[in-house]
Amino acid sequence: MSTQDNNILDVVITTIRHTINEDWIVDFPIDAGTRFNSDLEIESIEFVKIADAIQRHFGARLDIVGWLSGKNIHELIALSVGELADHVSAALREAA
Amino acid sequence: MARILVTVPPLVGHLNPALAVAAELQKQGHVLAWAVHRGPLGDRLPAGAQVYDLDRADGFDFTAAAPQARGLESVRLFFEDFAMPLARASLAPLEAAARAFQPDVMVVDHQMPAGALVARKLGLPWVSLVTTTASILKMSAILDTQSSATLDGWVQAQFHDLQSGYLDPCDMVPRPEFSPWDVIVFSVEALLGRHHECIPANYRFVGPTRGGGRRDVEFPWQWLDHSRPRLLVTLGTVSRDRDTRFFEVIMEAVSGMDLQAVLVAPDSLAGQAPANVLVQPFIPQLDVLDYVNGVICHAGHNTVCEALVRGLPLIVAPIRDDQPVIARQVIDAGAGIFLRHGKATPAMARKAITELLENPLLRQNAQRLAPELQGARGEAGAAAIITALVARDHLLGRVG
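Listed in order, the protein sequences are those of chains A and B.
With my numbering, the residue at position 28 of the first sequence is 28, and numbering never jumps.
With my numbering, the residue at position 270 of the second sequence is 366, and numbering never jumps.
Certain hints may be false.
Label-pair distances were calculated between CB atoms; the ranges are [as the list claims (entries may be wrong)]:
| hint | chain 1 | residue 1 | chain 2 | residue 2 | range |
| --- | --- | --- | --- | --- | --- |
| 1 | A | Glu75 | B | Arg473 | 53 to 59 Å |
| 2 | B | Glu348 | A | Asp39 | 57 to 63 Å |
| 3 | A | Glu75 | B | Gly438 | 31 to 37 Å |
| 4 | B | Met268 | A | Asp39 | 35 to 41 Å |
| 5 | B | Gly367 | A | Ala90 | 30 to 36 Å |
| 6 | B | Gln470 | A | Asp31 | 49 to 55 Å |
| 7 | B | Arg341 | A | His18 | 38 to 44 Å |
| 8 | B | Ala192 | A | His18 | 56 to 62 Å |
| 9 | A | Gly33 | B | Ala143 | 50 to 56 Å |
| 10 | A | Val48 | B | Gly219 | 40 to 46 Å |
| 11 | B | Ala443 | A | Thr34 | 18 to 24 Å |
Cross-link-like lysine to aspartate or glutamate pairs, in silico, DMTMM-like; alpha carbons within 25 Å at most [unchecked claim]:
| hint | chain 1 | residue 1 | chain 2 | residue 2 |
| --- | --- | --- | --- | --- |
| 12 | A | Lys71 | A | Asp39 |
| 13 | A | Lys71 | B | Glu169 |
| 14 | A | Lys49 | A | Asp10 |
| 15 | A | Lys71 | B | Glu285 |
| 16 | B | Lys234 | B | Glu176 |
| 17 | A | Lys49 | A | Asp31 |
| 18 | B | Lys439 | A | Glu94 |
| 19 | B | Lys447 | A | Asp27 |
Take a look, some chain A residues computed to stay more than 12 Å from chain B by CB distance [unchecked claim]:
| hint | residue |
| --- | --- |
| 20 | Gly70 |
| 21 | Ala90 |
| 22 | Ala96 |
The hints are simulated quantities; they were obtained by calculation from the structure and are not laboratory data.
Glycine residues also receive a C-beta, built at the ideal position from the N, C-alpha and C atoms.
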């Protein structure tokens, strides 16, 4: 994984912590393998807020919601922080 | 008088509204019969009820619906491991029940699709009972994405497989659980909001039932102290025994607060309850709601409507199935606060409880919804829709 990809993962994790902004998440371990549904109990409305915040941070057209809507139910259930970061990396490379 | 066959899945939250509707129809002199699983539901049915038992010798494991799953995963497991296997196992005994009882009309819970398929196959008029408004929304709306054809497609694939081999291909429809006549919804449109797209059907919003037909449950009324705020804490009948963590967090949060809390939780927790907490495994929920100032719950559809009809604000800690969607309805209406079920700490819970009791806007918004819920006719409205369908059918000469 490149340094830039690591930075993107860090931004995604920081954005999740800031958006949820509850006391438990401050020191809750989050890494690429952390799952939104089972590990973080993040609801879809919050996911949309996280996606918007990441979008604002990078300013590029990331189309996270569009990417999500193409996923099947198994992929949505298992969605991890790392997969979101990978999508952001790919979208940024494409936009570059 | 009409012959009416009622079928619901073996879930208390689905039985209770049907009990109220059935009691109303019985009062009017109609002849009722139940096609249900006697094992899990038998002792909750009215005394002397005519029952066609759907329990089968090969046994259906009602506990198979992965009690620990949450969120979208629980929705998937509910369909794939519970609703669809239950429907397949119920088709033959339900069809036999309908042929034996010869109903004029069937009343079918929307999560008992075997009943819908039997009614469609036998050409019987029928209505759907919808016990949660999450079920009438398109899945894309639930996920808040711009569209999720994949999720709606997944639901339709489940129903396609179920209908294949039982119905004529020309009788198959994408969502067979919704009656082409009337779909009775135990909610009001004001709570549903206008953000979400509904699956097209003839919805009849009748609001929550008033609880007729439920069994009597004892409650120590003298425990309530009317000089202090009182809260009801419940995770509903499915998640009550899921784990004790949430209840322990709430007990720690309210310990030392100037209020009382009634916890609907396993007896085993009574030993660690502070003096201002009463632990009861079962309660007469509608009566208790008349004596509390707020509700902490899992955002189960029945509990939410039963609280709001009384103008009570809520803390919603959704876990599974439809609950995240119903929690959103409460929050969008300004009548509740969100608490993350598996992550809540005593500090978070205490903060939420303080706001629940002290923020007048929450109560005002709950009370704003109350008149529409109170004005809805509940079981009487549902019974009127069902009897009107029978009358319409008699006029058309298809019955009797």
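Here's how the hints hold up against the structure:
A hinted range of 53 to 59 Å is violated for the C-beta pair Glu75 of chain A and Arg473 of chain B, which are about 43 Å apart. The given range of 57 to 63 Å is broken by Glu348 of chain B and Asp39 of chain A, whose C-beta atoms sit roughly 24 Å from each other. Here the CB-CB span from Glu75 of chain A to Gly438 of chain B is close to 22 Å, at odds with the stated 31 to 37 Å. A hinted range of 35 to 41 Å for the beta carbons of Met268 of chain B and Asp39 of chain A is consistent with their spacing of about 39 Å.
Between Gly367 of chain B and Ala90 of chain A, the C-beta spacing of about 54 Å breaks the proposed range 30 to 36 Å. The beta-carbon spacing between Gln470 of chain B and Asp31 of chain A, approximately 50 Å, falls within the hinted interval of 49 to 55 Å. Between Arg341 of chain B and His18 of chain A the beta carbons are some 26 Å apart, a value that contradicts the proposed interval 38 to 44 Å. Between Ala192 of chain B and His18 of chain A the beta carbons are some 59 Å apart, a value that agrees with the proposed interval 56 to 62 Å.
Checked against the hint of 50 to 56 Å, the pair Gly33 of chain A and Ala143 of chain B passes, with Cβ atoms roughly 55 Å apart. Evaluation of the 40 to 46 Å hint for Val48 of chain A and Gly219 of chain B yields a pass: the beta carbon distance comes to about 45 Å. The hinted window of 18 to 24 Å between Ala443 of chain B and Thr34 of chain A holds, with their beta carbons roughly 23 Å apart. For the proposed pair Lys71 of chain A and Asp39 of chain A, the alpha carbon gap of about 19 Å is at most 25 Å, so the pair holds.
Note on Lys71 of chain A and Glu169 of chain B: the hinted pairing holds, with a Cα-Cα distance of about 14 Å set against a maximum of 25 Å. For the suggested pair Lys49 of chain A and Asp10 of chain A, the alpha carbons sit about 17 Å apart, so the restraint of at most 25 Å is met. Of the supplied pair hints, the one linking Lys71 of chain A and Glu285 of chain B is violated, its CA atoms being roughly 31 Å apart against a limit of 25 Å. For the given pair, Lys234 of chain B sits about 18 Å from Glu176 of chain B by alpha-carbon distance, which is consistent with the 25 Å threshold.
A distance of roughly 19 Å separates the Cα atoms of Lys49 of chain A and Asp31 of chain A; the hinted pair therefore holds under the 25 Å criterion. Of the supplied pair hints, the one linking Lys439 of chain B and Glu94 of chain A is violated, its CA atoms being roughly 37 Å apart against a limit of 25 Å. The suggested pairing of Lys447 of chain B with Asp27 of chain A holds, with an alpha-carbon distance near 20 Å, which does not exceed 25 Å. Interface exclusion of Gly70 of chain A from chain B breaks down, the closest Cβ pair being 7 Å apart, not more than 12 Å.
Ala90 of chain A, annotated as away from the interface, keeps every beta carbon of chain B farther than 12 Å; the closest lies near 19 Å. With 12 Å as the threshold on Cβ separation, the claim that Ala96 of chain A sits away from chain B holds: the shortest Cβ distance comes to roughly 25 Å.
Hint compliance for this structure: hints 1, 2, 3, 5, 7, 15, 18 and 20 are broken, all remaining hints hold.
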